[in-house]
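Novice: Letter by letter, the chains look like this.
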Amino acid sequence: MRPRIRDTRLVIPHFLLLAAMLAAPSVCFADETLVVYSGRAERLIQPVLDAFQAESGVNVQMLTADSTALVNRLQMEGDRTPADVLITNDAGSLERARELRLLQPATIPGIEETIPPPFRAPDNSWIGLSGRIWVIVYNTSLVNPDDLTSILDLADPKWKGTVAIPSAGSVYLQTGVSVIRAVKGEETTIRFLRGVKDNAGSFVYGKNRQIVAAVARGEVAVGLVNHYYITRHLAKHPDAPIAPLLTDQEDNGMGSILNAAGVGMTAYTKHRAQAQALIQFLISPKGQRLFADVNKEYPLNPQVTAAPELVPLENFRVANVPLSHLAQLRDPTMTVIEDVGLR
Amino acid sequence: MLPLLYVVVTAMTADFAVWQRLWSTRVPELLLNTLSLSIGVTVINLILGVSLAWILTRYTFPGSGVWNWLLILPLSIPSYVLAYTFTSLLKRGGPVEHLWQSLAGAEAVLFSPFSLTGAVLVLALNTFPFVYLLARSALKNFNVSFEEVAHVTGAGRVTTFVRVSLPLIRPSLIAGLFLAILYVASDFGAVSLLRYQTFTYAVYQQMTGRFDNTAAACLSLVLVACAFVFLAGERWFRRRSRFYQTTGRYRKPIPQPCHPLTALLFTGYLLLVFAAAFGVPVVLLIQWTIEAASAGHLSGKFLGYVWNSLSLSAVTATVAIVCGIPLAYVACRRQTWASTLCVQGAYTGYVLPGPVAALAVLVLVSQIIPQLYGTVFVLLLAYLVHFLPAALQGMESTFQQLTPNLEEASRSLGIRSIRTFFHVTFPLVRGGFLSAWILVFVQCMKELPASLLLRPVGFDTLAVRIWLEASEELYQSAAPPALLIVLITIPVALLLMQKDRQTT
Chain F
1 MRPRIRDTRL VIPHFLLLAA MLAAPSVCFA DETLVVYSGR AERLIQPVLD
51 AFQAESGVNV QMLTADSTAL VNRLQMEGDR TPADVLITND AGSLERAREL
101 RLLQPATIPG IEETIPPPFR APDNSWIGLS GRIWVIVYNT SLVNPDDLTS
151 ILDLADPKWK GTVAIPSAGS VYLQTGVSVI RAVKGEETTI RFLRGVKDNA
201 GSFVYGKNRQ IVAAVARGEV AVGLVNHYYI TRHLAKHPDA PIAPLLTDQE
251 DNGMGSILNA AGVGMTAYTK HRAQAQALIQ FLISPKGQRL FADVNKEYPL
301 NPQVTAAPEL VPLENFRVAN VPLSHLAQLR DPTMTVIEDV GLR
Chain C
1 MLPLLYVVVT AMTADFAVWQ RLWSTRVPEL LLNTLSLSIG VTVINLILGV
51 SLAWILTRYT FPGSGVWNWL LILPLSIPSY VLAYTFTSLL KRGGPVEHLW
101 QSLAGAEAVL FSPFSLTGAV LVLALNTFPF VYLLARSALK NFNVSFEEVA
151 HVTGAGRVTT FVRVSLPLIR PSLIAGLFLA ILYVASDFGA VSLLRYQTFT
201 YAVYQQMTGR FDNTAAACLS LVLVACAFVF LAGERWFRRR SRFYQTTGRY
251 RKPIPQPCHP LTALLFTGYL LLVFAAAFGV PVVLLIQWTI EAASAGHLSG
301 KFLGYVWNSL SLSAVTATVA IVCGIPLAYV ACRRQTWAST LCVQGAYTGY
351 VLPGPVAALA VLVLVSQIIP QLYGTVFVLL LAYLVHFLPA ALQGMESTFQ
401 QLTPNLEEAS RSLGIRSIRT FFHVTFPLVR GGFLSAWILV FVQCMKELPA
451 SLLLRPVGFD TLAVRIWLEA SEELYQSAAP PALLIVLITI PVALLLMQKD
501 RQTT
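As they're listed, the protein sequences go chains F and C.
In terms of our numbering, the numbers along the first sequence are unbroken and rise by one, the last being 343.
In terms of our numbering, the numbers along the second sequence are unbroken and rise by one, the last being 504.
I should point out that these hints are in silico values taken from the structure, not numbers from a laboratory.
In this text, all values refer to a predicted model and were calculated from it rather than measured experimentally.
Here a beta-carbon is modelled for each residue, glycine too, at the ideal position from N, C-alpha and C.
Hints are supplied without guarantee of correctness; some may be wrong.
Label pairs and their in silico Cβ distance ranges [claimed, not checked]:
1. Asp15/C with Pro122/F: 30 to 40 Å
2. Ala293/C with Asn315/F: 40 to 50 Å
3. Leu272/C with Lys158/F: 35 to 45 Å
4. Val8/C with Gly78/F: 16 to 26 Å
5. Trp54/C with Gly78/F: 56 to 66 Å
6. Ala108/C with Ile111/F: 52 to 62 Å
7. Asn315/F with Val9/C: 48 to 58 Å
8. Asp15/C with Gly201/F: 25 to 35 Å
9. Ser299/C with Gly78/F: 26 to 36 Å
Here chain F stands alone, though its shape is the one from the complex (with noise of 0.2 Å):
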C-alpha cells in the first residue's frame, strides 16, 4: 500500500491550493471596496485616490489599461461588472460609454455650479475634471517659435527628421487626428498625417514623456504632446530648452486642441453612495488642486486656478468641437490614421 500513501502526499497540497485560489477572488471584492477602472497612467491618479482613501475611510481599488479596453470591458461584463467608477483619460471614451449605457446620471449637489456644461454630459453620466491641450513642444535653442503658427505646420517638408509624434495607439492623437478632421475635413487630415508621417521618420513614441525627453535632448526639434508633461518636465529639470507652443490662434484659425479626463458611475454599481462621493471628492476644490498641482492640468472647477507657469484657459482660443462629439469620430479616425499608415 506504500504507493498510495505517496500519491496523496502529492495531490493533496495542490488540491488545497487550488480550493485557496478559487476563495481568492471572493475575498478580493469585499463589500466595501470601491472598484476604480482607471485609464489614466497609475502615477498621475494613485495620488488623488490615496488622498480620497484617507479622507473618506473608503477603499479603493484600481485596474488601470487603456481607455478604449475598459469601455469594451465594461461592455463584455454588463451587469456582472464589478467596476463601480470608470476614470478615462479623454472624454470620447466617456461619451462612448454613456452611448452604449454602461453608465448612469451621477446626483452631485451643486455640480453646475462646480463643472461648466461643456464638460460635462447633459445628463452628469459623466463629469470631466481636469482639461488637456495638445500642444507643440520645441527646442528653445532648435527652433524659432514664429515659424510655427499652426499645428498643421508641421506636415512641412522643412521639417524632415525632426518631429516627434506619439504612436497610434495614443488616445491623445486619436483625439488630435478627431477634432482636425472636424474642423478641417478629411483631406487636409489625410494630407497633414502624410506629411507628419514622413517628418516623424523613427522618431514615433508610446508615451509623451519620451517626446519630450527626447525634444530636451535635442534629438528632435518640435513635438506634439500634452501640455502638462512639458510642465512637469521643466518642474523637474527647470533648465531644459524647451517650451510649450500654442498654435493656431489666429482669427480664423482652428484653436486648440482641448480634451478632458473625466469620470462617470457605472450603470450597474452596487455602491452609489461611495461612488457619488469619489465624484464629489474629484470635483471638489481639494481634488482639483491635486491635478492642478501635482498633475499640472488644467482643473475644471473655476474656484481652483491651473498651476502659475500655465496660459490660463480663458486666455487662448479653444477648437470648437464639443468634447461628446470626439466619441462618434474615433472609429473613423483610427481608419484614417490606419490608412495613412501611422503606426
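With chain F held as given, fit chain C onto it using these hints.
Specialist: Chain C only, in chain F's frame:
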C-alpha cells in the same frame, strides 16, 4: 479548439469592408514585418548557435565545461525583460552609444532599439539557445568518419564544414529554428515594448484601441492560418531531411585542446554573447532593484503581486497536469479517431499567440458562461488553452517511454484499470509529470498578454507590473519583479539542461 473556432467564426462573419481595409492597409505590412523579423532572427540564430556549438563540442580549453551551462541562462529571461533592459542600454545618450562614439567618433549614431534591428537583436539574443542546444547535441552525436573521408579526398576545412558537416546537422538546426521562429511570431512582450509592428502586437492594439473586436479577430485568423502553414511546412521538412547511420563505423568527435591564443579568442567571443544576452541585463536589473529598494518602492503591494503570480501559476500547472493525464494517456494507449481529434484539438493552443488566445477565451466566456467574466477563472482558462499543449507534449513522451506490458501484467492479476493507473502507471511517470508541471508553471509566471487583457481587478501579476512600469520607462520600479522572475526561472532552465544531458 473551441476558442479557435470562435475566432474563425467572428472573423468570417466580419463585414467585407473590414476585410478589404485590412488586406489593403495592414496585412501586407504586418506580413512583411513579421517575416523580416523572423528572417533576421533566423540568420543571427544560425550564426550564433552553430558557431557556439561548434566551439564547445570540438575544442577543450580552460572553462569550456562551464560555458555549456552558462549559455542556457539566456532562456530564463522573458523577452519583455530583455527588451526593456535593451531600450535603456541602446537609447540615445545611453551607455552603448557612449562606448560606440568613443570608438567611432563623436558623430557616430547608433541604431534605435525601436526598430527592426533592435527587435531582431533582442529576440535573437533571447532565442539563440534553442538553436545552440539542438546544434550541440547534433554535433556531439556526429560521426566524424564523414569529415575524415572529406579530408582524405582533399577537401579543405571550410569546404568540409559547408558541404559535409552542416548538411548533416541540418535537421536539428531546422528544428531549433522552427522553435525560435514560432517564439518570435507569437512574442508579444518584446515587440510591444520596442513598438515593432508584428501580427501579435497588432491584434493587441486592435483590441485595446478600438471599440469592437472584429478587426482583431480578422488579424488573428490570418496569423493562425500562417501558423498552420508554418507547422505543416515543418512536418514536411522533417520528413524530407532525415539522415541515417548506414555503416557500423561510428566514431564520436573528440574535443581537441586548442592553442592558448585561440582559447582566449573563443572565451572572448563566448563572453561577449553571454554578456549581451544575460550578464549585462541581469546586472542592470540588480542595480535597479537596489535603487528601487533604497527609494522605498518595494511595498507590501509587491508581495501581493508575487503571491498572485505564484498561486495562479501553481494552480494552472496543477490543473493542466490533471486535465492532461487522460488526454496524454488516451493519445498513447487507446488511439481512435475521436481521441486523435481531441488531442490534436488541444494542440491548437500552440499556434494561438497570447493576445489571440486571450481574445478567443474572452469571446468564448462572454458567450457561454458570462458569470465567469472578470474573475480569475478566465485567466486560468486562457493559460490552460495556451500552455496545455506544452504539458501534453511532456506527458505524452513520458507515457510513450512506459511499456504497456507493465499495465497489462497488473490487469492480468485482476486489478481494475483505475487502480492499475494509480498504483502502477502513475508512480512510474511521476518524474515526467513533475517536469511538465514545472514547465507550465514557469510559462505561466512569464505570461504577459493574456494576463494584461484578462486580469481581474486587484490581480496584477509580476509580468503585468513589469510591462506597465517598463512601458512608462520607469526602469527602477520594473526591476524587482523582473529580477524575481529571472531568479525563479534559472533553476528550471538548468534542470531542463540536465535532462537534456542525460538523454544525449
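Novice: Could you check the hint for me, namely that Ser299/C and Gly78/F are 26 to 36 Å apart, CB to CB?
Specialist: At roughly 34 Å between Cβ atoms, Gly78/F and Ser299/C fall inside 26 to 36 Å, so the hint holds.
Novice: State, for the Cβ atoms of Asn315/F and Val9/C, whether the hinted interval 48 to 58 Å holds or is violated.
Specialist: 55 Å, holds
Novice: Does the Cβ pair Leu272/C, Lys158/F satisfy 35 to 45 Å?
Specialist: Because 43 Å falls inside the window, the suggested range holds.
Novice: Evaluate the given range 30 to 40 Å for the C-beta pair formed by Asp15/C and Pro122/F.
Specialist: 32 Å, holds
Novice: Does the Cβ pair Trp54/C, Gly78/F satisfy 56 to 66 Å?
Specialist: 60 Å, holds
Novice: Could you tell me whether the CB distance from Val8/C to Gly78/F stays inside 16 to 26 Å?
Specialist: Given range 16 to 26 Å: holds, Cβ gap about 25 Å.
Novice: Just to be sure I understand the hint, the distance between the Cβ atoms of Ala108/C and Ile111/F should be within 52 to 62 Å; is that true here?
Specialist: 59 Å, holds
Novice: Honestly, do Ala293/C and Asn315/F meet the 40 to 50 Å range at C-beta?
Specialist: About 46 Å separates the Cβ atoms of Ala293/C and Asn315/F, which means 40 to 50 Å holds.
Novice: Starting from the hint 25 to 35 Å, judge whether the C-beta atoms of Asp15/C and Gly201/F obey it.
Specialist: 34 Å, holds
Checked against the numbered hints above, the structure breaks none of them.
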